[in-house]
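Residues per chain are reported as follows:
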Amino acid sequence: MHESIDANRPDSYAAANRDIIRVLLKPNLGWAVLFIIATSMMLYGFWCEFQQLTWGLGIAGYNPPIMWGVYIVTFVFWVGIGHAGTLISAILFLVRSRWRTGVYRASEGMTVFAVMTALLFPVLHLGRAWQVYWFFPYPNQRYLWVNFKSPLMWDVFAISTYFTVSAVFFFIGLVPDLAVVRDHSTGLVKKIYAVLALGWHGTDRQWYHYMGAYGFFAALAAPLVLSVHSVVSWDFAMAVTAGWHSTIFPPYFVAGAIFSGCAMVITLLLPMTYAFKWHAYVNMWHFEHLAKMCLLTSGILTYAYGVEYFIGWYSQNAYEWGIFSWRATGEYAWAFWIMVFCNCVAPLPWYFRKVRTNPWALFIISIFVNIGMWFERFNIVISSLAHQFDPATHAYYRISPIEYGIMIGSFGWFGFWFLLFLQTLPAIAIAEIKEMIAPPVRGAAHVEAK
Amino acid sequence: MSAAHAEVASGTRIKGIYAHLDCLLAGVEKLKEAGISGFQVLSPLPRHEILEVMYEGRPSPVRWWTLVGGVTGINTGLLLTSLTASQWPMINPGGKPVVALPPYAVIMFECTILFGALFTLAGLIVHCGLPGFGLDKSLQDPRVSDDKFGIAFLRASAKDLERIAAILSDTGAIEITRGDDTIYEVPNA
Amino acid sequence: MNAVRNNAQVDAAIDAVKGRQLPGTVKALAFAGIVWGIGAFGYGLTWDKKWTWGAFLVALVYTFAIAQGGVAFGVIMQGTQARWGRPLKRVAESFGFFLPVAWLLLVAFLIFGLPIYPWNPAYWGTPTPIAPHMVGAPASKEIWLNPLFFQVRTALAVGFLILLDFLFIRNSLGGDLVLAKQRLGDAAPSWWNFFIAGRTDGKAAGEAGLASNYTLVPFIGFTYAIVMSLIAFDLVMSLDPWWVSNMFGGWMFMSSLLIGFSTLAVFVTVGRDWLGLAGWVKPKTTHDLGRFMLAGTMFWAYTLYAQILPIYYTNVPEETSFLLTRLMLPQWGWLARTVAVLCFIAPFTILLSRGIKKMRYPFAGVALLSLTGFFLERSLLVLPSVYFGDTFPTVQFLVINVGIFAGFIGLFVLVVGGRLAQVPAVPVADPLLFDHPWDEHVHAFGSHHGH
Chain A
1 MHESIDANRP DSYAAANRDI IRVLLKPNLG WAVLFIIATS MMLYGFWCEF
51 QQLTWGLGIA GYNPPIMWGV YIVTFVFWVG IGHAGTLISA ILFLVRSRWR
101 TGVYRASEGM TVFAVMTALL FPVLHLGRAW QVYWFFPYPN QRYLWVNFKS
151 PLMWDVFAIS TYFTVSAVFF FIGLVPDLAV VRDHSTGLVK KIYAVLALGW
201 HGTDRQWYHY MGAYGFFAAL AAPLVLSVHS VVSWDFAMAV TAGWHSTIFP
251 PYFVAGAIFS GCAMVITLLL PMTYAFKWHA YVNMWHFEHL AKMCLLTSGI
301 LTYAYGVEYF IGWYSQNAYE WGIFSWRATG EYAWAFWIMV FCNCVAPLPW
351 YFRKVRTNPW ALFIISIFVN IGMWFERFNI VISSLAHQFD PATHAYYRIS
401 PIEYGIMIGS FGWFGFWFLL FLQTLPAIAI AEIKEMIAPP VRGAAHVEAK
Chain B
1 MSAAHAEVAS GTRIKGIYAH LDCLLAGVEK LKEAGISGFQ VLSPLPRHEI
51 LEVMYEGRPS PVRWWTLVGG VTGINTGLLL TSLTASQWPM INPGGKPVVA
101 LPPYAVIMFE CTILFGALFT LAGLIVHCGL PGFGLDKSLQ DPRVSDDKFG
151 IAFLRASAKD LERIAAILSD TGAIEITRGD DTIYEVPNA
Chain C
1 MNAVRNNAQV DAAIDAVKGR QLPGTVKALA FAGIVWGIGA FGYGLTWDKK
51 WTWGAFLVAL VYTFAIAQGG VAFGVIMQGT QARWGRPLKR VAESFGFFLP
101 VAWLLLVAFL IFGLPIYPWN PAYWGTPTPI APHMVGAPAS KEIWLNPLFF
151 QVRTALAVGF LILLDFLFIR NSLGGDLVLA KQRLGDAAPS WWNFFIAGRT
201 DGKAAGEAGL ASNYTLVPFI GFTYAIVMSL IAFDLVMSLD PWWVSNMFGG
251 WMFMSSLLIG FSTLAVFVTV GRDWLGLAGW VKPKTTHDLG RFMLAGTMFW
301 AYTLYAQILP IYYTNVPEET SFLLTRLMLP QWGWLARTVA VLCFIAPFTI
351 LLSRGIKKMR YPFAGVALLS LTGFFLERSL LVLPSVYFGD TFPTVQFLVI
401 NVGIFAGFIG LFVLVVGGRL AQVPAVPVAD PLLFDHPWDE HVHAFGSHHG
451 H
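Chains as they are written, first to last, in the working numbering: chain A, 1 to 450; chain B, 1 to 189; chain C, 1 to 451.
Because the hints were derived from the structure by calculation, they are not lab data.
There may be inaccurate statements among the hints.
[To be verified] Lysine-lysine pairs mimicking PhoX-like chemistry, simulated, CA-CA at most 25 Å apart:
#1 A:190 x B:137
#2 A:354 x A:190
#3 C:282 x C:358
#4 A:191 x B:137
#5 C:284 x C:358
#6 A:26 x A:292
[To be verified] Per label pair, the in silico range of CB-to-CB distance:
#7 C:360 x A:152: 46 to 52 Å
#8 C:143 x A:390: 28 to 34 Å
#9 A:152 x C:135: 40 to 46 Å
We put the CB at the ideal spot given by N, CA and C, even for glycine.
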């Protein structure tokens with residue numbers, strides 16, 4: 001049980017404005033170093049992609065039958081990371097969880113940038129990236145039309161809808177806060193924020209419709225977040241490939257996405273809280289909840305892994321059981337056991353309050369989870385392709401240096417945007433923080449519990 | 001700004017700034033009791049008390065935009081998939097029926113959400129009057145995004161002006177300005 | 001500024017226990033249901049043993065889901081520290097009093113009803129061979145579907161879950177009863193002493209109970225998921241021994257939650273005056289419960305679609321047979337369409353309305369609609385595996401299946417209602433029963449609301 005909930009309640013409206021805006025547009029050395037590192041990683045990724053465009057997909061380590069490699073793994077990884085933001089901002093909004101307030105803006109930002117990162121990978125995976133517009137259904141003179149029955153086409157719709165809706169949700173949440181920044185700045189900066197804030201002035205009419213619309217955005221985003229990773233999972237489950245064709249995939253992928261996303265929120269927010277001294281707004285109370293969320297989703301994943309194995313065994317299907325036993329004992333067993341350790345075992349210490357309130361333990365375990373979730377996708381994508389029905393096609397896939405480079409580049413690209421976000425937009429939702437603060441009143445007798 | 005400055009120009013605009021939520025609510029209630037309407041309440045956050053006294057629990061019409069968007073979306077998804085598939089019935093990979101609802105349901109769902117969200121955004125923009133760059137000066141006050149509340153009249157009728165000023169001042173407004181020539185300092189700057 | 005604990009309201013909830021009994025009509029109806037159930041069961045055994053035990057299995061799985069779903073509601077409230085559902089928590093947890101009865105009925109089924117499974121050598125018909133028919137396949141079914149192993153593990157697993165549930169209920173109810181005993185003295189029912197265990201400080205007992213329940217939550221949650229999946233895979237899925245779907249377990253345990261929540265909705269609306277809940281269960285409470293039911297309905301449809309879509313898409317014969325039987329054969333297809341309407345389309349559309357979730361009887365009506373749908377849904381899962389006729393035996397369904405179901409529901413109402421009558425209808429010792437300290441309402445300065 002928590003001892004005193006009021007300990008987590010910030011002071012005053014003005015203090016919230018001051019503390020949150022304080023860090024904007026003030027790059028310091030630490031930020032600059034991180035930014036340079038991220039940008040260099042990103043540029044290295046660009047260079048690798050350039051190589052791939054020049055020489056073709058052959059340098060990416062793709063060889064039949066393993067034609068889905070690290071790009072798809074990393075794509076699924078980033079889509080997964082992009083799930084926590086909407087979970088926290090929409091689903092927790094609908095169930096009125098209070099701890100969401102301090103962390104939702106940063107996780108929403110993380111979502112938008114993670115989906116932006118994920119969107120790169122189908123293009124990279126194409127090889128002929130310049131033909132990406134073939135994905136989109138519009139009347140054309142090529143006599144081509146997309147196949148709406150293909151899961152890959154569902155993915156195009158799901159991911160682009162998800163990106164649009166989460167970007168809108170992110171921006172709408174920002175509008176009142178951008179007005180705060182506008183009112184606290186001068187000159188050109190003020191002009192820019194004034195445009196971004198769309199002339200928000202906090203009138204009752206604006207708030208009234210804003211609150212109405214916000215609830216609907218949340219109600220639309222909540223099922224959307226479930227659908228997106230479900231559709232990603234159907235990229236696999238629709239195939240007659242042992243280890244992929246599974247009915248539990250959609251909820252299992254969604255749980256995994258939330259798991260990795262919440263872990264990533266911990267990884268990103270924890271250092272930020274210390275760097276910006278935001279303990280009044282984001283503190284152990286929030287991280288504890290994130291850790292509990294990870295613990296819950298880790299349990300769901302463990303359940304799903306178990307059920308997959310159980311059904312693989314119970315079905316008495318030689319191919320099904322073949323792939324599952326091979327995953328745990330074959331050439332890719334190392335990836336499998338990394339996954340099991342990181343996703344099922346590593347988060348368990350968070351069951352203890354002492355561990356989940358210790359910043360170092362939080363940070364280190366959250367890194368393990370991120371690694372584990374990347375390996376989960378590796379384990380699903382690669383091992384099933386490497387071990388298909390005909391033993392003559394069994395193969396082993398090695399990640400090529402170019403693929404490593406592009407993967408590193410994706411982290412750089414994500415970091416680049418996230419670091420820019422920290423400098424330019426309020427990373428904590430000011431208006432919502434104010435909703436948690438006791439309103440200023442002249443007569444104390446006029447306040448009562450609702 | 002000085003009180004004298006505020007008293008100089010007398011017009012149809014009048015605004016009271018409050019430091020306390022209960023005083024603001026008292027102001028709104030007194031104005032309503034006096035049968036005066038046509039004002040907007042300014043606040044740094046959406047407090048349910050303000051919305052309750054101003055809108056008495058009526059839901060925002062934005063929900064109709066969401067509904068229309070959702071219905072449009074699901075139909076768009078259905079028509080886009082099935083009509084185009086019917087135009088090219090020969091191209092039918094996978095041996096499914098030409099118009100196969102189970103796989104199209106995914107597209108229909110995504111379109112429902114996409115259109116629902118975009119229509120909601122449009123509704124929000126329309127009903128909030130965004131972008132509100134041209135909003136009346138009396139509705140603009142940088143302190144309102146900080147920690148102050150306000151009641152602002154865009155066009156108070158001349159006969160009500162004194163009663164309004166009296167109500168605002170009686171209920172504890174810390175500042176009352178008239179006219180639209182007020183110039184605000186930037187707080188905390 | 002902290003939430004004021006309204007002691008008069010708490011005292012009233014405790015005092016209401018004195019002399020409260022299940023209303024006579026409800027009792028009579030419950031008994032009538034039981035009599036009908038026994039009669040229907042007897043008649044059924046003479047008509048078709050497999051069908052009848054199938055009907056028994058449906059009713060058993062269903063009422064077990066209600067009881068377990070009720071406890072799970074308490075577990076969720078405890079785990080999330082949510083306040084909105086606290087007034088419903090006691091009613092929900094009281095469903096757990098049916099669990100021991102359900103366990104006895106389960107044991108009866110395991111002993112006498114097992115020959116409805118085609119993998120069972122004692123099958124009433126020609127058993128389906130379960131030996132591997134593929135090179136390299138593990139001989140798993142011969143191990144897993146061994147009748148003795150099946151009986152023992154099901155009884156033990158379910159028993160273990162029930163034990164955990166009871167630990168949870170005891171912790172949760174204990175504090176309330178200590179507090180109530182302080183007020184009622186000797187007027188308190190004697191069975192309370194098991195829960196009170198000699199304690200006298202209600203507040204301390206309540207807090208201690210909640211604290212130990214908080215540590216129990218993950219264990220109950222995980223055990224619930226595993227045992228309910230086991231029930232789904234073993235008791236239901238293995239009726240068709242060669243059909244598998246990974247999602248089946250999760251799908252059934254999530255819909256069991258929904259069944260529990262819907263029953264809760266019926267109890268707290270229809271039984272509102274009897275339980276004195278009017279001051280606790282406000283329109284906003286049922287609104288929130290309704291939103292949970294809406295989410296549950298959507299999740300049910302989502303996880304069902306997650307099973308149908310890949311099976312439809314890949315068209316693998318060993319997977320499609322199960323679906324084709326239920327969706328395409330004329331004797332079952334109409335039932336599948338009814339289920340789609342009653343379990344998803346109707347409740348989903350109706351529950352989208354904000355108003356209906358706040359209205360007492362209309363809300364109960366939607367819950368009943370969904371509950372009816374789930375009775376048909378469970379029947380649709382079981383019956384096509386135990387009955388192979390060309391037509392749907394409508395009369396027998398109405399007499400036997402509905403009758404046995406009515407018997408189980410009657411038993412449930414008697415057991416749960418009898419206990420619920422004798423405990424405070426809200427968790428009086430729970431500090432989270434009252435509003436969050438941050439949920440303050442500011443009144444206009446100078447007004448007279450403030451005190």
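Here is how each hint holds up against the structure:
In summary, the hint linking residue 190 (chain A) to residue 137 (chain B) is supported, as the alpha carbons are separated by about 17 Å, within the 25 Å threshold. About 45 Å separates the Cα atoms of residue 354 (chain A) and residue 190 (chain A), which puts this hinted pair outside 25 Å; it is violated. Only pairs whose Cα atoms come within 25 Å are accepted, and residue 282 (chain C) paired with residue 358 (chain C) is accepted, the gap being roughly 8 Å. Taking the CA atoms of residue 191 (chain A) and residue 137 (chain B), the gap is near 16 Å; set against the 25 Å cutoff, the hint holds.
Our distance criterion of 25 Å between C-alpha atoms is met by residue 284 (chain C) and residue 358 (chain C), whose separation comes to about 7 Å. Distance restraint check for residue 26 (chain A) and residue 292 (chain A): the Cα-Cα separation of roughly 34 Å exceeds the 25 Å cut-off, and the hinted pair is therefore not satisfied. A beta carbon spacing of about 49 Å between residue 360 (chain C) and residue 152 (chain A) agrees with the range 46 to 52 Å that was offered as a hint. For the pair residue 143 (chain C) and residue 390 (chain A), the beta carbons lie near 29 Å from each other, so the given range of 28 to 34 Å is met.
As the Cβ distance of residue 152 (chain A) to residue 135 (chain C) is approximately 34 Å, the hint placing it in 40 to 46 Å is violated.
Consistency with the previously given hints fails for numbers 2, 6, 9, ordered from lowest to highest.
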